[in-house]
Amino acid sequence: MRTVIALIISAAIAIPVMAMPPGDGSHMLKGLTRHLDLTEEQQAQVKSIFEAKKPRMEALREQMKALKEETDGEIKAILSPEQVKEFEAMQEKRKQKFEKRMERHQGKME
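Read in this note's numbering, the sequence shown has 252 at position 102, and its numbers run on one by one without any break.
You may find that some hints are simply not true.
[Claimed, not checked] Here are the simulated DSS-like pairs of lysine-lysine, each with C-alpha atoms no more than 27 Å apart in a straight line: (1) K215 with K204; (2) K218 with K235; (3) K180 with K247.
Keep in mind the hints are simulated off the structure, nothing from the lab.
Build out the structure end to end from the sequences listed, making use of the hints.
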């Protein structure tokens, strides 16, 4: 049972990383500029940081996606068919809840 709980927690942690939209960080830069009153020089530096980290972030996103799929497969393998259905419903509910939070958060950042 502890193993199942640990695997579920691992999957829950992976969702935020995978849910982050790939991109150039421009939406984050806009939010930081507005909230922190960044100068043009600071904006350029932050943009450079985002651009430098982008390949690494994309690679991590793919690794986390693969890890989540692997974890989900292992969990489903030990569940009954009824539990698999419930597990999938839980995941969908969690995903929808997370997406709503991300929409609200992105609205605040812009």
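Tested hints:
For the given pair, K215 sits about 16 Å from K204 by alpha-carbon distance, which is consistent with the 27 Å threshold. A distance of roughly 17 Å separates the Cα atoms of K218 and K235; the hinted pair therefore holds under the 27 Å criterion. Between K180 and K247, the direct Cα distance comes to roughly 25 Å. Compliance with the 27 Å bound is thereby established for this hinted pair.
In this structure, none of the earlier numbered hints is contradicted; all agree with it.
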